[in-house]
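Novice: Heads up: the sequence shown begins at 2 in our numbering, then just goes up one per residue.
Don't read these hints as lab results, they were simulated from the structure. Just so you know, even glycine gets a beta-carbon here, dropped at the ideal spot from N, CA and C. Fair warning: there could be bad hints in the mix.
With a cut-off of at most 30 Å between alpha-carbon atoms, the simulated DSS-like pairs for lysine-lysine come out as follows [stated by the list, open to error]:
#	residue 1	residue 2
1	Lys10	Lys56
2	Lys5	Lys236
3	Lys56	Lys236
Ranges between beta-carbon positions, derived for each pair [unchecked claim]:
#	residue 1	residue 2	range
4	Ala11	Ala43	21 to 29 Å
5	Arg280	Ser188	42 to 50 Å
6	Pro28	Ala129	34 to 42 Å
7	Asp103	Ala130	23 to 31 Å
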Amino acid sequence: MAAKILDGKAVGARIRAGLADRIGALPFRPGLRVVRVGDDPASVVYVRSKDRAAKEAGYDSETILLPEDVAEAELLRTIAGLNADPAVDGILVQLPLPRHIDAQKVLEAVDPAKDVDGFHPVNAGRLAAGLPGLVPCTPKGVMHLLAEAGVTLSGARAVVLGRSAIVGRPMAALLLAADATVTMLHSRSRDIAAECRRAEVLVAAVGRANMVQGDWIAPGAVVIDVGINRRTDGKLTGDVDFEAAIGHAGWITPVPGGVGPMTIACLLENTLEAALARRARVPLEPNGGVAEAHATPEQSYGHGPGLA
2 MAAKILDGKA
12 VGARIRAGLA
22 DRIGALPFRP
32 GLRVVRVGDD
42 PASVVYVRSK
52 DRAAKEAGYD
62 SETILLPEDV
72 AEAELLRTIA
82 GLNADPAVDG
92 ILVQLPLPRH
102 IDAQKVLEAV
112 DPAKDVDGFH
122 PVNAGRLAAG
132 LPGLVPCTPK
142 GVMHLLAEAG
152 VTLSGARAVV
162 LGRSAIVGRP
172 MAALLLAADA
182 TVTMLHSRSR
192 DIAAECRRAE
202 VLVAAVGRAN
212 MVQGDWIAPG
222 AVVIDVGINR
232 RTDGKLTGDV
242 DFEAAIGHAG
252 WITPVPGGVG
262 PMTIACLLEN
272 TLEAALARRA
282 RVPLEPNGGV
292 AEAHATPEQS
302 YGHGPGLA
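Given the sequences, and given the hints that come with them, work out the whole structure.
Specialist: Next up, the structure:
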């Protein structure tokens, strides 16, 4: 039996529509500013999609374009200005940045309260500790997709393939907060294929086209493909060999149309949450509010000593 398709485009559209309804009832428009340096083709397309989705949902959205050779100091001044601007609720610095700019320094310059990408060390630390904060958009979107599929994460064997700070590590933290039993795989892991075969939930985020083969997937597993790789013919493909995997998995995300639209939807979700926290004193939720619905507190050991 072929896998069911987890349609991120449809789920993301529903999330954006819900956000538009909420914004329509507010006395203000949440302000989102995206800073793009240079004209990287992928970044141009992605930022354009973010801006269009934000404006359609009623956000006060603007993209700030800086030249490829902008000085790091000038970029930092731009961010400082956005931090100080009361009309701005969310700031996103589009990656990658040119080589002459220290990307980590730039990300750390963003006010954590406006860090709607969830990349600031303060937000990363709060996620690791299970505290309220802004959560990276792609892992948050994956959690929404898992809820859409009705996946029971409590006690499930989950494998995250890839340990980046942007996807892999926060993804593992959210799955753990949902009471999954999490294994992280990376370039030094032994027998990756065998580890993947044990997964009931497999999240592939390595950036290597078609790395995950069909026979790596346990029958009925939920497969989330975060990878976006461009083939020689110009078409996009994921980290999972989709055609081979569809005969093994129970659920699977396509590329494109799977995780990508969810990332944009969750960027807008984060921006609204940041705006409400700043302007209306509505507290942020632990784990971005997407893990607790999956967890079973009455059975969980929580975050205490011993078997926490």
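Novice: Now look at each hint and say whether the structure bears it out.
Specialist: How the hints compare with the structure:
1. Lys10 to Lys56: Since the Cα atoms of Lys10 and Lys56 sit roughly 17 Å apart, the hinted pair holds (cutoff 30 Å).
2. Lys5 to Lys236: holds, 22 Å
3. Lys56 to Lys236: With Cα atoms ~28 Å apart, Lys56 and Lys236 stay inside 30 Å; holds.
4. Ala11 to Ala43: 21 to 29 Å: Hint holds: Cβ distance 24 Å, inside 21 to 29 Å.
5. Arg280 to Ser188: 42 to 50 Å: holds, 43 Å
6. Pro28 to Ala129: 34 to 42 Å: holds, 35 Å
7. Asp103 to Ala130: 23 to 31 Å: 26 Å Cβ-Cβ, so the 23 to 31 Å window holds.
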